[in-house]
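These protein sequence lines are chains B and F, in that order.
Sequential numbering from 0 applies to the first sequence in numbering that gives the first Met the number 0.
Sequential numbering from 0 applies to the second sequence in numbering that gives the first Met the number 0.
These are computed hints drawn from the structure, not numbers from a lab.
Wrong hints could be hidden among the right ones.
[To be verified] Partial chain F-side listing against chain B, Cβ under 8 Å, derived:
hint, residue
1, Thr-47
2, Gly-68
3, Ala-69
4, Thr-193
5, Cys-196
6, Lys-197
7, Glu-241
8, Gly-305
[Said to hold, decoys possible] Computed list of chain B residues with no C-beta within reach of chain F, every gap over 10 Å:
hint, residue
9, Ala-14
10, Asp-36
11, Ala-76
12, Pro-138
13, Lys-141
14, Leu-163
15, Leu-202
16, Pro-214
17, Met-219
Cβ atoms here follow ideal geometry from the backbone N, Cα and C, with glycine treated the same way.
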Amino acid sequence: MTRFSYTPPNTLTPAISHYCPGCGHGVVHRLVAEVIDDLGLREKTVGVASVGCSVLIYDYLDLDMQEASHGRAPAVATGIKRVLPDRIVFTYQGDGDLASIGLTEIVHAAARGENITVVFINNANYGMTGGQMAPTTLPGQKTATSPGGRDLTRDGYPLRMAELLSALDGPAYIARVAVNNPAGVVRTKKSITKAFRCQQEGLGFSMVEVLSACPTCWGMEPLTALRWIKEQMIAYYPLGVFKEPSHVRAVAEYGEEPQSCRHEIKCG
Amino acid sequence: MQVMMKGNEAIGEAAVRAGCRYYFGYPITPQTELMEYLARRMPAVGGTFLQAESELAAVYMVFGAAGAGARVLTSSSGPGTSLKQEGVSFLASAELPCVIVNVMRGGPGLGTIQPSQGDYFQATRGGGHGDYRVLVMSPASVQEMVDLVFKSFAKAELYRTPVVLLTDGVMGQMMESVVLPEAQTDESAKPWITDGCKGRQRRVIKSLYLDPDQMEAHNLHLQAKYRQMGANEVMSEGYCVEDAELLIVAFGICARVARSAVDSLRETGIRAGLFRPVTLWPFPAESLQSAAVGAAHVLTVEMNAGQMVDDVRLALPGREIHFYGRMGGIVVSAREIEAEVRRIIKGEEK
Numbered sequence: 000m001t002r003f004s005y006t007p008p009n010t011l012t013p014a015i016s017h018y019c020p021g022c023g024h025g026v027v028h029r030l031v032a033e034v035i036d037d038l039g040l041r042e043k044t045v046g047v048a049s050v051g052c053s054v055l056i057y058d059y060l061d062l063d064m065q066e067a068s069h070g071r072a073p074a075v076a077t078g079i080k081r082v083l084p085d086r087i088v089f090t091y092q093g094d095g096d097l098a099s100i101g102l103t104e105i106v107h108a109a110a111r112g113e114n115i116t117v118v119f120i121n122n123a124n125y126g127m128t129g130g131q132m133a134p135t136t137l138p139g140q141k142t143a144t145s146p147g148g149r150d151l152t153r154d155g156y157p158l159r160m161a162e163l164l165s166a167l168d169g170p171a172y173i174a175r176v177a178v179n180n181p182a183g184v185v186r187t188k189k190s191i192t193k194a195f196r197c198q199q200e201g202l203g204f205s206m207v208e209v210l211s212a213c214p215t216c217w218g219m220e221p222l223t224a225l226r227w228i229k230e231q232m233i234a235y236y237p238l239g240v241f242k243e244p245s246h247v248r249a250v251a252e253y254g255e256e257p258q259s260c261r262h263e264i265k266c267g
Numbered sequence: 000m001q002v003m004m005k006g007n008e009a010i011g012e013a014a015v016r017a018g019c020r021y022y023f024g025y026p027i028t029p030q031t032e033l034m035e036y037l038a039r040r041m042p043a044v045g046g047t048f049l050q051a052e053s054e055l056a057a058v059y060m061v062f063g064a065a066g067a068g069a070r071v072l073t074s075s076s077g078p079g080t081s082l083k084q085e086g087v088s089f090l091a092s093a094e095l096p097c098v099i100v101n102v103m104r105g106g107p108g109l110g111t112i113q114p115s116q117g118d119y120f121q122a123t124r125g126g127g128h129g130d131y132r133v134l135v136m137s138p139a140s141v142q143e144m145v146d147l148v149f150k151s152f153a154k155a156e157l158y159r160t161p162v163v164l165l166t167d168g169v170m171g172q173m174m175e176s177v178v179l180p181e182a183q184t185d186e187s188a189k190p191w192i193t194d195g196c197k198g199r200q201r202r203v204i205k206s207l208y209l210d211p212d213q214m215e216a217h218n219l220h221l222q223a224k225y226r227q228m229g230a231n232e233v234m235s236e237g238y239c240v241e242d243a244e245l246l247i248v249a250f251g252i253c254a255r256v257a258r259s260a261v262d263s264l265r266e267t268g269i270r271a272g273l274f275r276p277v278t279l280w281p282f283p284a285e286s287l288q289s290a291a292v293g294a295a296h297v298l299t300v301e302m303n304a305g306q307m308v309d310d311v312r313l314a315l316p317g318r319e320i321h322f323y324g325r326m327g328g329i330v331v332s333a334r335e336i337e338a339e340v341r342r343i344i345k346g347e348e349k
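Using the sequences and the hints, build the whole thing.
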């Protein structure tokens, strides 16, 4: 029998999350909490929640937080950071929020090189409102508002946000990762660590795009959803680091052995 | 310190002197001088001026800054103020203090860059979605602009609410002599801000209440606050009201013009008076009732199709309320008001 012993990060509250089985939000919340613990930032961080399934993130992270309206999280974060430049300010946004209604705010925050960190969950649809087409919905993907599949002649093409923002001079660090397997989860944590370290160093805008499963709205079993990320999403949204200042690579070594990876596997 | 200043610039200087160190805005005529002034002035006092990508972004930068504890200002006009309304609803619900200046221009739509008072409904009825009110103050001189900026910040923080300073293109562009108050610093205690939960429980600034009981309780809390504002924050001014046979009700620039009309009418033997609401919400209904007791006629003058006149009618039920208004960016003239008053007194049809 295999037993898992896991110590949750301090930044994670004991609240039971409302997320569906197989949803990636819970994993990414934990990673953000672990990174904040690892860097000792809990008492100097202000988070910004956005509109979507993750709006209730402030119930799960034991941090000061503000709730923004749809798409405006980067503007709210800008206001906070300009007043409190020595605090760590991050937004946690979904793809409908960031890539559709909030496209203006994210592009300009990135272009300004606003010294904030953005955790961007790309699950290729609007989860909270019940699985409608998002700007990130794949060509041919069926959603509640593209029942015949995303039709490129009618709906146009998906937005690759990491690539799009990488074209700007403002961002310091932009990466795309996926939480579809344990190695991906470890890489995601490293990326989130680098993004927060960038902000600590005052290097400017950082964003980690996380490909994440939405089994309920995709109409898939959780394991099928993870396979779909690998086979469909990553094919359209290649993983990698799109922007990284050279001196951040050294800083990035910090993330090699995450302190809070304290999973003990005991065989009995 | 006495200086000659343009209305828009006086608002900017007053904000700095009132301890405001953060401004987020977007250019739009006829308020642009205000942001241009602060683009120069804020860095000189160690403050932050940031030109946002839109009025929407600007109002949410204000949201974040207010939630981080700053005394913060934004300004706009017409279409830009409409864009801001989404954020005003969020600010009101999250109970964040800030001052929002609306230098009104004519509408609807892109309208005109000429002055108007067509945003009275938008300002006094909340403007965005949901049940909320904001304190709305309307100056009638550059000096009063300065004084009301100080008052706006104080009341915004006292009630934790957005305050709207509602003025128009004439007032914004007009130059007058003003006495600038001594500068003060922002030393207000704000035990609700989000600045990192060092040594204390975490705080959340939000407006989402999924539980209907909690949502209703939050609404009841807001309404109780609005009742308190209604009881304590009403301001108005009377001019020659004691013996007035005809009472003109006007705000902002229209009240300035109406005052001249009152003087001219009195020279011709017509006992006209002026009642000027300074707060548009809460509307000074009781003061108006007192002022209108002896007047045989009441005339509301506005630069719109008739908006404040609804509040005048609510304040004076059963009485005939006349209305005279101009639109399209046309400023009402004293001569027009005098003619309207004479027509009403003679009982002539319009």
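Hints versus structure:
The interface hint given for F:Thr-47 is met, as the beta carbon of that residue sits about 5 Å from the closest beta carbon of chain B, less than 8 Å. Residue-level restraint check for F:Gly-68 holds (minimum Cβ-Cβ distance to chain B is 7 Å; threshold 8 Å). Taking 8 Å as the C-beta contact cut-off toward chain B, the hint placing F:Ala-69 at the interface holds, the least distance being around 4 Å. Taking 8 Å as the C-beta contact cut-off toward chain B, the hint placing F:Thr-193 at the interface holds, the least distance being around 4 Å.
Hint on F:Cys-196 holds. Least Cβ distance to chain B is approximately 5 Å, under the 8 Å limit. Against a cut-off of 8 Å between C-beta atoms, the interface hint on F:Lys-197 holds, since the closest Cβ of chain B lies about 4 Å away. The beta carbon of F:Glu-241 is not positioned within 8 Å of any beta carbon in chain B (closest approach about 49 Å), and the interface hint is therefore violated. Here the hint on F:Gly-305 is broken, as its CB sits about 33 Å from the closest CB of chain B, past 8 Å.
At roughly 12 Å from the closest C-beta of chain F, the C-beta of B:Ala-14 stays outside 10 Å, upholding its exclusion from the interface. For B:Asp-36, the condition that its CB be more than 10 Å from all CB atoms of chain F holds, with the nearest at approximately 14 Å. The beta carbon of B:Ala-76 sits about 6 Å from the closest Cβ of chain F, which is not more than 10 Å, so the claim that it is off the interface is violated. The claim that B:Pro-138 lies off the interface holds: its Cβ sits roughly 30 Å from the closest Cβ of chain F, which is beyond the 10 Å cut-off.
The non-interface label for B:Lys-141 is consistent with chain F: the shortest C-beta to C-beta separation is roughly 29 Å, beyond 10 Å. Residue placement check: B:Leu-163 keeps its beta carbon more than 10 Å from all beta carbons of chain F (closest about 16 Å). Look at B:Leu-202: its CB is around 19 Å from the nearest CB on chain F, clear of 10 Å, so calling it non-interface holds up. Annotated as non-interface, B:Pro-214 keeps its C-beta farther than 10 Å from every C-beta of chain F; the closest such distance is 23 Å.
Distance check on B:Met-219: its Cβ is at least 27 Å (rounded) from any Cβ of chain F, clearing the 10 Å threshold; non-interface status holds.
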